[in-house]
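Chemist: Please model the entire structure based on the sequences and the hints provided.
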Amino acid sequence: MSTSPAVIEEEPTKGQRLWQAGPAAWNEAITRPAVMIPFFALAAVTPLALQYLEDNSSWIGAQFWTTILANCAMYACLAISLNLVVGYAGLLNLGFIAFFGIGSYAYALVASDQLHQHYPLWAALLVVVLVTLAFALLVGVPALRLRGDYLAIVTLGFGLIMRDLILDLDRPPVLAGHQFGPSDLNLTGGTNGIHQVDPLKLPTSLPLLGNVAHFLMYYWIFLALLAIFVFCMLRWRHTRTGRAWVAIREDELAARAMGVNTFKYRLLAFTVSAVMAGIVGMIDAAFIFNAFPGNFDVQQTVMVFIMVILGGLGSIPGAMLGAIAFTVPPFLLQQFVFIKYLIISLVLIAVMVFRPEGLLGTVSIRPRRTMGGTLELFSEEAASEASLRTGGNAADLESTTGAIVPESDPEPSI
Amino acid sequence: MEYFLQNFPQQLVNGLETGSLYALIALGYTLIYGILEMLNFAHGDVFMVGGFLAAGVTAVLVHGGVSFVPGVFLVLLMMAFAMGGTGLLGVGIERVAYRPLRNANRLAPLITAIGVSLFLESLVQVFVSPAPVGLPTNAFIPQAALRFGNVETPLTGVLLFVVSVALMVGLDLFVFRTRFGSAMRATAQDREAATFMGIDVDRVIMVTFFAASALAGMGGVLYGLRFATVNFFMGYLLGIKAFTAAVIGGIGNLRGAMLGGLLLGVLESLAGGFISTEFQDAFAFLALIVVLLIRPQGLFGQPLGDRA
Amino acid sequence: MGKSSYLVFAAIASLGLAACGGGGSGGGGNATAKPDKVQIAAEGPFTGDQASIGAGALKAIQLAVKDFNNKGGVHGTPVSLLIWDDQHTAQTAQTLQAQGISDPTVLGIVGPMNSGVVLGSVQGLQAASPPLPFVTESASNVKVTDSGNSVAHRVNARDDAQGPADGKFLIDQGAKKVEVMDAKSDYSTALADATQKYLSDHNIPFQRDAAKAGQTDFSTIIQKIKSFGADWVYFADEGPEAAPFVTQMKQAGLTIGQNINFLGTDGEEDPTIISKSQGAYDGAYATNITADPAGVASAAAYVTAYKNEYGADSVSQAGPFYGSAYEAAQVLLQAINNAPVKNGKISRNDVISHLASDTFNTIFGSVKFNAKGDVQGGGIYVYHAEGSNMVVKKQVSG
Chain A
0 MSTSPAVIEE EPTKGQRLWQ AGPAAWNEAI TRPAVMIPFF ALAAVTPLAL
50 QYLEDNSSWI GAQFWTTILA NCAMYACLAI SLNLVVGYAG LLNLGFIAFF
100 GIGSYAYALV ASDQLHQHYP LWAALLVVVL VTLAFALLVG VPALRLRGDY
150 LAIVTLGFGL IMRDLILDLD RPPVLAGHQF GPSDLNLTGG TNGIHQVDPL
200 KLPTSLPLLG NVAHFLMYYW IFLALLAIFV FCMLRWRHTR TGRAWVAIRE
250 DELAARAMGV NTFKYRLLAF TVSAVMAGIV GMIDAAFIFN AFPGNFDVQQ
300 TVMVFIMVIL GGLGSIPGAM LGAIAFTVPP FLLQQFVFIK YLIISLVLIA
350 VMVFRPEGLL GTVSIRPRRT MGGTLELFSE EAASEASLRT GGNAADLEST
400 TGAIVPESDP EPSI
Chain B
0 MEYFLQNFPQ QLVNGLETGS LYALIALGYT LIYGILEMLN FAHGDVFMVG
50 GFLAAGVTAV LVHGGVSFVP GVFLVLLMMA FAMGGTGLLG VGIERVAYRP
100 LRNANRLAPL ITAIGVSLFL ESLVQVFVSP APVGLPTNAF IPQAALRFGN
150 VETPLTGVLL FVVSVALMVG LDLFVFRTRF GSAMRATAQD REAATFMGID
200 VDRVIMVTFF AASALAGMGG VLYGLRFATV NFFMGYLLGI KAFTAAVIGG
250 IGNLRGAMLG GLLLGVLESL AGGFISTEFQ DAFAFLALIV VLLIRPQGLF
300 GQPLGDRA
Chain C
0 MGKSSYLVFA AIASLGLAAC GGGGSGGGGN ATAKPDKVQI AAEGPFTGDQ
50 ASIGAGALKA IQLAVKDFNN KGGVHGTPVS LLIWDDQHTA QTAQTLQAQG
100 ISDPTVLGIV GPMNSGVVLG SVQGLQAASP PLPFVTESAS NVKVTDSGNS
150 VAHRVNARDD AQGPADGKFL IDQGAKKVEV MDAKSDYSTA LADATQKYLS
200 DHNIPFQRDA AKAGQTDFST IIQKIKSFGA DWVYFADEGP EAAPFVTQMK
250 QAGLTIGQNI NFLGTDGEED PTIISKSQGA YDGAYATNIT ADPAGVASAA
300 AYVTAYKNEY GADSVSQAGP FYGSAYEAAQ VLLQAINNAP VKNGKISRND
350 VISHLASDTF NTIFGSVKFN AKGDVQGGGI YVYHAEGSNM VVKKQVSG
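Top to bottom, those sequences are chains A, B and C.
Oh and the first sequence: position 148 is 147 in numbering that gives the first Met the number 0, straight run, nothing missing.
Oh and the second sequence: position 193 is 192 in numbering that gives the first Met the number 0, straight run, nothing missing.
Oh and the third sequence: position 22 is 21 in numbering that gives the first Met the number 0, straight run, nothing missing.
Worth double-checking, as some hints may not be accurate.
With the C-beta cut set under 8 Å, the calculated list includes, among others, these residues of chain C facing chain A [what the hints assert, rightly or not]:
no.	residue
1	A97
2	S101
3	T188
To be clear about the criterion: a stretch of chain A counts as covered by chain B if any three or more of its residues have a C-beta under 8 Å from a C-beta of chain B, and this derived list gives those stretches [claimed, not checked]:
no.	stretch
4	152-164
5	170-176
6	299-310
7	333-341
8	351-359
Chain B residues, not near chain C, derived (Cβ > 10 Å throughout) [to be verified]:
no.	residue
9	L60
10	Q188
11	M196
12	V200
13	F282
14	I293
15	P295
It is worth saying that the hints were derived from the structure and are not from the lab.
Here a beta-carbon is modelled for each residue, glycine too, at the ideal position from N, C-alpha and C.
Modeler: Written as C-alpha cells, this is what we have:
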C-alpha cells in the first residue's frame, strides 16, 4: 500500500511499479483493450454464474442482484454521459438528469397507451434523439454563452422547470384564468407518471439461451450501451474534438487563442451528453415499464454528480466505479433503513477528504485562481492574469490515457 | 386589471417577506463563495438546523412550564442560541469537511458539502422527527395582524423582514467598514497575497463560516416564528432558491445577494398570485434565466474582492 | 358500521378461524406443519422528502410483525420483515421487489405506499411466478385495483369514493364557493381532481391552486382565497402542510368556523395540527380513507402499544397511515397464517386466494376484500376539530 518515497532496494515488480505510478497510469492500464474486453465479457456472464449458484445452492438472489447490476450499468452510462460534459468539457450542467427524463417521457409517449402510439424501435429511437437534441439546443445555445456558475444555475433552473412541467402537464395549463389546450389533455400523467410503457421491440429469445428474462435482457442491453459509450469516449479522446474539449477545460482563453471555436465544442459536448442521457432514459423507461417523475429529481442529478466525482473526474473507469460504489450500498444497507444515509454520507465525506481527486481521478480542475476554464467567477481580465501567472498548462496535455496527468507541483498550502 | 390592482400590494408584501428570507440565506452562499469560491451545498441544512434549535429552545422553555419568560426575552434567547449553535456548526463543517480540501480540485468540496447536507437531513429525520415540528409562537408573540390600508401581515412577518434587512445592513457595514472586513475582502481577492500581508487566512475563513452559518441559523429562527413549524426537509428547496438568488445578484456580491433574494421572492409571489400557483416556480426560474441571458454576469455581477 | 355489527363480524371471523383450524387437523394434512421460512416486506418512502408519511408506517409494520411473532408467528415460525425503502421512485421499487419476486419465501408486501409507485411496479409483481401479492395501506388511485391484477389489495378507500364523498359533504354543509387545493403528490392531486369534478358537476364555483410538498409559506394562495371570496377551503393533503396553512389563514383574518370553513383529508385528522396551529384549526373538518386509530375504541390498545414501543410523542410523528399500515400488516399475516403449509412451504398462490376469500380480524374490525382487492364497505370517516380533539362525526360509506 505504501507510496512512501523510501529508497526501494529491490527491483519492484510490475504490479508495484504500476501501483506507484499513480491514477493516470492505472487509468491507462485499465482502459487497454486487453483489460476492457475481458471485463465486459466477465460482466456479461456474471448473471449466468449467479443463476448457476442459485440453482445449485440454498442462496437466492440472482434476479435481485442482476437487477442491481442493471441499475449499476445504467448509472454507469449516465455517469459517463455526465463525465463528458463535466469531466471532459468542464461545463457544470446541473440540469443533466432532465435530459434523462425527457428521453424517458419522449419514449413513453410514443410507446404506450398515453397517446395511443406504439412506434417501432427505430422510429422511437429517432424521436427520442430528436426531442432530447431539440431541448439540448434550446437550453444550450443561449446558456453556453454563460460561464461557470451562471451556466450551472441556468441548467439547474431548467431542470426544475422540466420537473414542474412533468408534474403539471397531466392537465391543460391554466394560466391567469385562461385554459390552454383541450380539457382532456394529459401529456405526462402528472404525479403518477406514464405506465405500461412498451418494452423495446427486440427479440426476447437468444440463440443457445432461449427465452431471456426481462431483467437479464435489460442488464445486457445496458451493458452493451455502456461498452459503446466507453469505446466512443476513449476513441474520442484522441481526436481533434477530444483535444479541443480538454484545451477548453484547461484554459479557454489559450484555446481560443489557438483558434479553437470554443462555443462550437462546448455545444457539441453539451448536446452529445444530453442525447446520450436521453437514450439511457428511453431504455430505462422500457426496462421499468414506465416514466416516473420521482426518477428525475434534482437529487438524481446530485447522485450522478457524486458518482462522477467520487470515481474521479475525467476518468472512464472511475465513472463506472463511482456508479457501482454509489448504487450498491443503499441495497446492502436496506435493513438499516433509517441510518443508512448517515453511514453513506459519512463514508462519502471521508473518501473525498482522503482522496479529493476521486478514486481513479486524474484530472485537476484546479482551484479557481489558476483557472482560465469555464468554472470561473472573476472577470476575463482576472482570468487572463491568472493564466499568465501559471503559464499555459494546456500544452502538456496528456491525451493518451483518457485522462489528464495532474499538475506536478500543487499550489503551496496557505 | 381591477383584480391586479386590488391584489398587487398584498402579493408584493408577501413576496418581500419571502424574499428577505431568501436574501438572508443567499448572503451566506455569497460570503462563502466570495472567500473560498466554493458552493456550500450544506448551507440550506444549516438553516434547517437553526429552525430546529429555535424549536428546541421553545420546547424546553414553553413546554417545560416556564411561563414567566417574557416573549421578547424568549425570542432573543432563541436567536442567540440558534445563531451561536449554527455558527459553531458551520465552523465545524468547514474544519472537518472543507479545510482538508482547500487546495483540492474545485468539485471535491462540492461533494463533501452534499455529504454533509445528506448527513444533517438524516440526523434530524432519525433523531428528532420525520414529521414537521410545531413552535407554539402564540405563547409569546402577539398574533394580531398589522394592517396598512388593504395590506396586512402578521407581526412575525414584519419581524422577518426587519431583522433580515438589519442583519444585511450590519453585514455590509462589517465587511466594508471594519478592519476585519477588509481582511475578508483581501482574502477574497487573493488568498496568497493576503497571507503575505500578514492576514491569518484560516481565521478569516473561520469567521466567514461562523457569520454565514449564523445568518442561516437566524433565518431558521425567523422562519420558525413566521410559519410556526419546522421540518427536516425545509432547507432543500429553500437552499436551492437562495443559491439562485445569490447567483442572480452576482455571486460573491453581498448587495447583489440581498437584491437577488428580494427579487426572487417578489417574482415568485407575483407568478403565483397572477399566473398560476402550479407553475409558480417554473415562471420564477424562467424569469431568472431570461435575466441571466440578458445580463450574463448577474444583476450586480462584481465579486466581493473587486470592490475593495 | 356500528359497534354491534363489528362484534358480530368478529364472532363470525373467530368461528371461521376455528373451523379452518379444525379442518386442517381433520384432513390428512399435518396440522403442526411448520413453514421453514416466512418473510414479508414493508415498502414505502421511509426516508427522503416523503418520510413524514413513510417512517411512521414502517414503525407500525415492524410492530405488527413483532406482535404477530410474539403470538407464535406462522405455526411457530417467526416472520422476518424485509425493509424496502423505495424513496418514492418506481426505479428503486422494482429493484427491491426483484428480491422478493425470485424468493418464494417472500410471501407478500405491505405497501407500496404511493399510488404512482404501485402503478409503476404492479406489472412485475403480477408477472412473477407465482405472483407476489401486496396489501397497500395508502395508495388510493382508482387504477391500483381497477387494472384486474390479482396481487393488488388495499385497506384504504379509493379516490372515487373519497372525492365524491368530500364533494357531497361540502355541498351538504352549504358550500357556495370552494377553494380546491392539492399538494402535488400521488395521493392529493388525484383526490382533489375527483372532488373538483364532483363540485363542477354540481355547479359549485371553485378555484384550483396547488401547494407543494413541504410548503410552509401560503401567503400567495391565501390572498387568492380572500380575493376569490371562498366560503370553504378544501385541501387534499397528507397532513404536513395543514398546520402552517391554517395558522397563516387565521393571521390573515380567515378564521375557521367564522368567515371560512375548512375540509381536509387524510393526515389532517391529526389532533396535533390543532396545537401546532395554535388553535387556528379548531372547527375544521377532515375526511379519511383510513380510520385514525386514536379515535377508534378497538384500536386503543394498539395506540398504547405504539406509544410504549416508540415513545410518548411518537404518535404525533407517525403520519396519517400508521393505523392502516398496522391493519394491512395484520391482514397479510393472517392470510399467510391461513394458507396451507406443504412440505414446509407456503405458496404465494395460496396467500393470494386466502386474501381473496378470508375475512380478517384487524384493529379496525373485520376486513374482507372484494373481487378487485378493495375493502368491502370501506368507509370514509369524517372528523371535526373540537377543542383539542378530533371527534369522529360520522362515517360515510364508500
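Chemist: Indicate, hint by hint, whether the structure satisfies it.
Modeler: Each hint, compared with the structure:
1. A97: holds, 4 Å
2. S101: Holds, about 4 Å.
3. T188: OK, holds: C/T188 within 8 Å of chain A, min 5 Å.
4. 152-164: holds (count 9)
5. 170-176: It holds: at least three residues are needed, and the stretch 170-176 of chain A offers 4 whose Cβ sits within less than 8 Å of chain B.
6. 299-310: holds (count 5)
7. 333-341: holds (count 4)
8. 351-359: With 5 residues closer than 8 Å to chain B, the stretch 351-359 of chain A meets the three-residue bar; holds.
9. L60: Given that every Cβ of chain C is farther than 10 Å from that of B/L60, nearest at about 16 Å, it holds.
10. Q188: holds, 37 Å
11. M196: holds, 45 Å
12. V200: holds, 38 Å
13. F282: The claim stands: B/F282 keeps its Cβ more than 10 Å from every Cβ of chain C (closest is about 12 Å).
14. I293: holds, 26 Å
15. P295: Its Cβ never comes within 10 Å of chain C, the nearest being 30 Å, so this holds.
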